[in-house]
Structures are given as C-alpha cells and as structure tokens.
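Fit chain B to the given chain A structure using the hints.
Spelled out, the chains give:
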Amino acid sequence: MNPAFAVSVPLLGLISEPVSVAHYLVVGAILFVAGVACMAVKRNALGVLMGIELVLNGANVNFVAFASPYLQAEGGRSIGLDGQVFALFVILLAAAEAAVALAITLNFYNNHATVDIDRADDLKG
Amino acid sequence: MDLASQLPSLLGLAWLLPLASFVLILFFGPRMGSHGRNAAWVATAAIVTSLVLSLVAFVAWLGAHPVSAVDHGGHGDHGAAHATEHASGHAGEHGGKGHGDAGGHHAAAGPVAYAGDWYTLYEGGRLKLSIGWYIDSITILMFVVVTFIATCIHVYASGYMHDELHDVTDHDVTLADGHHLHRPGRFSRFFQALSLFCFSMLGIVIAGNLAMVFVFWELVGICSWFLIGFYYERKSASTAANKAFIVNRVGDFGMLIGLMALWGAVGTLHFADVTTTAADGGAVRTPGLFSLFRPAAADHALRIPDGMVKFEAADAVARVAADHAASPADAASEIASRTPDWRSMGYGNWLLFIAGVGIFCGCVGKSAQFPLFVWLPDAMEGPTPVSALVHSATMVAAGVYLVGRFYPVLSPDVLLVIAYVGAITLFIAATIALVANDIKRVLAYSTVSQLGYMMLALGVGGWVAGLFHLVTHAFFKSLLFLCSGSVIHACHTNDMRKMGGLAKVMPATAFTMLVGCLAIIGAGIPFVIGLSGYYSKDSILAQALSFSQANPRHAILFYAVAGGAFLTAFYMFRLWFMTFAGKPRDHHVAEHAHESPQVMVMPLLVLAVLAVVAGWTLPGGLGIANLIEQSRPAGTAATATGGFAFGSLTIPAEHLSHGEPFHSIATLTAFGTALGGVLLAAAMYLWGVISPSVVATLFGPVYGFLAHRWYFDELYHAIFVLPVKGLAAVASGIDQGLIDPLINGLAWSARQVAGLDAWIDRTLVDGLVNATANATWSAGLELKKLQTGSLRQYVVFIAAGTVAVFVLTSILFKTSLPV
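Just so you know, the sequences run in chain order A and B. According to the numbering used here, the stretch in the first sequence is residues 1 to 125, in order. According to the numbering used here, the stretch in the second sequence is residues 1001 to 1819, in order.
Since the hints were derived computationally from the structure, they do not count as laboratory data. No experiment lies behind these values; they were computed from the predicted model shown. The beta carbon of each residue, even a glycine, is placed where N, CA and C say it ideally should be. Among the hints, a few may not be true.
As the list claims (entries may be wrong) - Simulated restraints on C-beta separations:
#1 A/Ile30 x B/Thr1788: 26 to 36 Å
#2 A/Glu97 x B/Val1805: 35 to 45 Å
#3 B/Val1805 x A/Asp122: 48 to 58 Å
#4 B/Leu1768 x A/Val26: 22 to 32 Å
#5 B/Val1805 x A/Leu46: 27 to 37 Å
#6 B/Leu1768 x A/Asp122: 47 to 57 Å
Unchecked claim - With a Cα cut of at most 16 Å, we get these calculated EDC-like pairs of lysine to aspartate or glutamate:
#7 B/Lys1504 x B/Asp1438
#8 A/Lys42 x A/Asp118
#9 B/Lys1784 x A/Asp121
#10 B/Lys1785 x A/Asp121
Bound conformation, chain A alone (with noise of 0.2 Å):
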C-alpha cells in the first residue's frame, strides 16, 4: 500500500484490519456526528429529538467498545464493567430525558400549534 495514500486518506487502513476498538470508535464518531448534524438542520421537534437519540447512542457504542475484553490487543487493556454501567446509565438517562423533552413538546405544541423550533425563541435574549 501506497504509504502517501495512507496518509491523505487516513483511518482507510482499517479496512484491512481485524475488527479493533478503532473500528467502533469510527462507528461511534459516525453515529455522534450525524445526531449533531441532525440536531443542527432538523426544525422538526421530533427530529431534533432523534438526533440526541444518536449523539447518546454514538457514545454508547464507544463505552461498549472500550468495556470489551475481546476487542483488545494482546497484553491490552479494557475498562472492563465500567463501560457496560455507563452505558446503562445513558440509556437510563434517555429515557428520562426523552420523556421530559416529549412532554415540553407537546406543552409546546399545545401553546402554538407547532412543533417547529425555530418558532420557539422565546428565551431569545
């Protein structure tokens, strides 16, 4: 393999490696970045609240990763239960969270007819 190419395209590498912690690193980025995206462009309520949805999932993936045992190089070392725990705790918090935001929602919804956050600047400064 071309070594410059390596370079001006990093992370390709991977493609030819066995399944690592990196690999779900990437899958995690992948899933963070596109729940920002989402959260960012989307004036659908329910779409921004699906873009969280990814953005804690992205991060999910990453614990899990780190808590594998399996995904390790020799002699490496995982942070073990931990990383189940946190992620447990996440999607806890999900759902509390989602619970909250549904319900601002629909009180919002209720108010105005809409569920477009751009109509909602009423904390505009």
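For chain B alone, coordinates are given in the frame of chain A:
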C-alpha cells in the same frame, strides 16, 4: 406596742398619704367625676386620715409622756438629769427597749425624742444620707397643726374653687384679639398641688436630718410656685410665682453654705445620734448634731465641736502633723490634746457663726424675713385658700420651725442676728400694713410681721415663746385668710375701699374675722384669760423685756415688739372696720354681697374656736406651751452667755420671763398698746373722729413712703434687677456682635469647604462609579445579541465550541499520555 415603733409608723403614714393622693390625682384627676370634681374628696380624705393618724400619735404621746405644768424655778439644775434623759431617749429609737415603762420618768423634764432612718440613700465614710425621722413633742404638735389647718382649708377650698369645675373665662387676661381668656377648669390640678404641698411640709417637720429638710424645703418652694402661679395666664400671677421662687433661691443659697459648713466641719447632718440597732446594743455610732454641739460631758452647754475647731485651725493642725510626720498616731494625740487650747483661742467661732447664719438665711427666704420678705405679699396672687395654707400657716412656718429645731446649734451671736432681723421685719411689715388697701395684702404684711415676732422671740432666747406663737398664729392667721377669702368671694374685689357694712350681710364671716383680729392682737382680760394670741404674744414680750434688761444695749428689741403690738392692733382693726363696719361704700359691691356657703363657713367656725382656745392651759398643765417645753433642747433652759462678734451677750433663761416683774410689765404693755391701736383705728374708721385722708395729707411723705412699701421693690429693682439686666444686655451684645459673626464665619467657611468636597464627589467619585456601570451596561447589551433563542444555532455553537476547546487544548498543552 411601744411608742418608739408606733410613732414613726403613724406619722410616716400620715406623711405619705398626701403623696398618695397627689399621685392619684396626678394620673387620674381629670377623670374623677365631671371636671375632676371628686379630686377634692380624694385629697380631703387623705388629709383627714393624716389628721386622724396625727391625733392618734398625739394621744399616744400624751399617754406616754403626760404634760405637766413647768416648774419655773431651778430649771437649769436639771442638767445631769437631761443627760440621762437624752441618752435613754435615743436608746429607744430603734428597739425602744423599756421605753414605755420609763415614760412617766421622762415627762418630768428633758427632751424625749425618737430618731431613726427609714431608708438610707447613701452611706460612705462619715457621710450618711437618709430618709429618717426625728420625733419629739413639737414634731407631733406641728403634724396636728398642719394636718388640721390643711383639712379645714381642703374643705373650704372645695367650696371656694367651684368656679374651676366648669370652663372659666378669666376677665383678668385679655388675649391679643381683644377677647378674654377662655380655658377649661383646673379643679383637680389645684387639689393635686395642695396634696403635694402637704406632703412636703410634713416632710420638713418629720425630717431626721438637715439634708432631708433641705430636700423638702425645695419641694415646698416648688409647690408654692405651682400654687401662686395657679392662674398662670395672668401676668401678675406668673411674675409673682417666679418672684417667690427666685427670692427663695437667694435664701436657699445661704442655707447650702450653712449645710456645707456643718457637713464639712463635723461630718454629719443628722439631728440625733446614729446608733446601731438594738440587737447590737444600741451603741452610738455617729454622734448627731445636737450631741456634738451640746455634749453631755459639757453639761449640754454650747461647745464648738472638735471638727469645727480643727477645720478653722487647719494651719496649726498641719504644723503639728508636719512635726510628727514620723508617727501619725502621735500627731493625732497631739492634735487632740491641743484642740481645747485652740477652742479657747477662739478658733471655730466664725465657722459656727457662718453655719448658723447660713441655715438662718434659708429661713429668711422661706419665712419672708427682711430683706427677702418682698415675695410674700405678691404671693397673694394665688387663690385665697393657698394664701391661707401656704403663705400664712405652714410654708412660712417652716423657717421658724427650722430655727426652733436647729436651736441648740445657734450661738448667741447668731441669735442676735436672728433677733434683729425679726425686729426689722416686724416693724417694716407692720408699717406697710397700716396703709395697704388690698385686704389680702394687709393680711400678708401682717403675716410677715408676725413671723418677725417669732424670729425675734427665738433670737432673744424665747424658744417656747417663738414656737408657741407659731402654732397660735397658724390658727388665727389661717382663720383670717379664710375670712378674707369669704369676703372676696362675696364682693369679687380685694379692695377694702369698696367694702364696708358687710357685717349685716355676712354675719358669720364678720364674727369669725373679729375673733381672728382679737386673737392676733392678743386680746384678753389681763392676768385672767385671753384669746390664743394673748398668751403667745405676752410670752414674747416678756422674754424680749427680759433680754433687754440683761443686755441694755439691745433694749430696742423690746420697743420694737411693743410698737409692733400697737401697729398690729391698729391695722387689724382698720381692716375689720373698713370691711364690715359703717355703711357700704360701693353699692354695686354691696348689692352682690352674700354669706358664703356652709362648706366655707364651717371651717371658719372651727378655726375660730381654736383661735380662741389654742393658748389655754388646762388645769393639770395640759397646754401647747407646756407641750413644747417638753422638747426643749438640752442645755437651753439655763441662762447662757457668750458672743464674740457683737460684744458679750446674755441670753436669759426663758423661765425667768414667766416670773415677776417681766410677766406683769409684758402683759400690761401688750394690753395697753393693743387697746391704743384698736381705739385709734376706731377713731379713724368707725367713729370718724379723725379723718384718715387728713392724716394721710398731714404725713404726706411718710404716707407715700409706706404706701410704696418703703420702696423695697423699687430698690431691689434698681440694685439687683437693673444691673442684672444691664449685664444681660452687655452679654447679649457680645453674643450678637462677637460670637454670632464668629460662628457665622465658621459656618460660611464650612459651607465653602463642603462645596468643594461636593464637586470632587460628584465629578471624580461619582464619575468613576458611573463609568463602571456604563461599561457593564453596554457589555450586557452586546452579549445579549448572542442569545438568539434558536435551538439549532445553540447546537452548532456547542459543537463548534467543543471542537474549538479541544483544538486550543491540544495546541496549548502537550499531552502527557504515552503515545
């Protein structure tokens, strides 16, 4: 119960009841019935209860110490007996052990007194200030007299003051708008002041030490001020009140000097010895004034106490102390051994003189003696019951009473001063009374004159005579004043020239006033019987005669008394004839005249009876004179000689004057002069044989001089008031011309400095603070724009911000993680 614990409780309660009444009326007076009508009942109930308590004390006293006729001979031989009486009298003061048993023994002779303290205000070193009592027969007598007359006057005043029960229009006060003053009635206020006055007067009488006397002395003064200025809207009344108060201050200043001389030199103001409690043996802890000045060791003769001798011989004492600087004990014994020498050299004489004259100064003010008598006639601006109670029977009596109480400490020189002041006073006042036309002023000058009599009597050694006259005078003078009040009530004028012929319309008043006039001139059948004044005035005359014979240089004192008796008779009957006899001079007045209501006449009748009988001595010796004699200070019964400032003096023993020839001469002189005075008055004002106006023209200059009251007010105005006013004008000039500009200049510069200060504050300090605030404000405005309210924008900010932080961190910090 024994007397020693009974008397202080009885008299103490009698003393405090008027105070309770005062406090009650002070707080609830206006709410006592309509317009405070019931305040009169409260005050009267209090004073009647006091009277009853005083009478109970009086009876208890008589039971324990029966009054017997005084043995005129050999009174001075009782010196040794006096010593034991005196000591055992004091032993009884706290526990009173066995005092009641010894009562009969005491009554024979010698002063029996109970003294003690209710409450100690302060005690430190030798100084002891306390509320205490000193009770002997004259204390009890004065209690009875004061409460009795006060009772009569309370009853009388509840009728006299009825105008104050509704709104009053005062025709003597014209307001700026030309109307007369219209004000609410002040009925309760009058009785409030009257109660406070009774409390103060009784406080003087019962006081166990001079400090307490002084306190109540001032209280009496302020009560007098309240009462004289009762109609304070009237200029004349408020001026008279101030005059009385200020003139009394002059006398009290002298009294303060006397108090300081006494306290500074002998260190105690208690009359009697201060003893330990009976449980501790009742030993003498601090000797009182009486035993210091008349020690039992010296047979109760007046001896200047060591304290005064050392005080005046301070230089010699200091020299002895310096010689024995090494041993203070030697110095003390040396000083003690040389004190008698110093005493015989005359050290201490002047201090004793100053102390005596100082105390007497207070009495001069309070008892309206020359030269401070000018306040009393003006004090007649007060309501008539006040004149009767305060300015004839009690307050002015306080001075005489104090001289009597303080008598053991007065040296012959002081007594001579007192006698002369009394003589001058009685003569001046009597002459002014001859020509006065205001009925109350005649009585006021008569009071001054009679007080002069009392002082003179005390001064010439007539201790009993002076106090006896004090008591009898209290009765007939309050009677005369109440009668004059009744007349004024009927006529609505004080001017005797508008009266006349009132005997027909107001017979009761005319009769009782006649009794009062007869009593004051000392009428009686010589050597048989007479009204109260007959006895007291005769004893004064007799003592004055006795003194004049013992000291021929001072014979004028007797002539003053005799001449005074003539003048008294003349002006009293001039008053009576002008008021009650003849034909009405002013028909307007005569038509309105009427007899006063029962409530006012009853006290007149009661007082008239007492004015007749107060001087009598019952078979067995019970009489006021003998009662007073019981309290004669130890050592004053015998003839005393002495005197350093005015040559040698002899104060003859008082019992000598009861013997011949003094008694007969005095009685005949008194009778002759009084009869002469009455006849002259009758000739001028009743029969019209001599025309008063012709006499007035004949003695024009003298008449004018007397009518202007010897120009005393003008004289005092010229020598005291005008210089003070001039001084005040100068002071005011300095104030306005010098001090005011200085102060104003200071104020102006302070303002300038303050202006500069304000400019710095506004521009610099305020500017800095405002600039900070403005900067913050505009920063806030700018930052506000970031808060767009758009959620999506916030997400981008967060993401971009996170990245930015990450980038910055990785640029600025090297990672320490192993790569």
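- [ ] Take the C-alpha atoms of A/Lys42 and A/Asp118, compute the straight-line distance between them, and say whether it is at most 16 Å.
- [x] Holds - the C-alpha atoms of A/Asp118 and A/Lys42 are around 10 Å apart, at most 16 Å.
Open item on the list: Quick check: does the Cβ-Cβ distance between B/Val1805 and A/Leu46 fall within 27 to 37 Å?
Closed with: holds, 30 Å
Open item on the list: For a C-alpha distance cap of 16 Å, please report whether B/Lys1504 and B/Asp1438 respect it.
Closed with: Distance of about 21 Å is beyond 16 Å: violated.
Task: B/Leu1768 versus A/Val26 beta-carbon gap, inside 22 to 32 Å or not - done: Violated, at about 58 Å.
TODO: Determine whether the Cβ-Cβ distance between B/Leu1768 and A/Asp122 falls within the hinted range of 47 to 57 Å.
DONE: violated, 38 Å
Task: Given pair status - A/Asp121, B/Lys1785, alpha carbons within 16 Å - done: Distance of about 13 Å is within 16 Å: holds.
Open item on the list: Within 26 to 36 Å: is that where the Cβ-Cβ distance between A/Ile30 and B/Thr1788 falls?
Closed with: holds, 29 Å
Open item on the list: A range of 35 to 45 Å was offered for this pair. Does it hold for the Cβ distance of A/Glu97 and B/Val1805?
Closed with: Once the Cβ atoms are compared, 23 Å apart, the range 35 to 45 Å for B/Val1805 and A/Glu97 is violated.
Task: Distance restraint between B/Lys1784 and A/Asp121, which requires alpha-carbon spacing of 16 Å or less - done: holds, 14 Å
TODO: Just tell me: holds or violated, for the beta carbon distance of B/Val1805 and A/Asp122 against 48 to 58 Å?
DONE: violated, 29 Å
Hint check: violations occur at hints 2, 3, 4, 6, 7; the rest are consistent with the structure.
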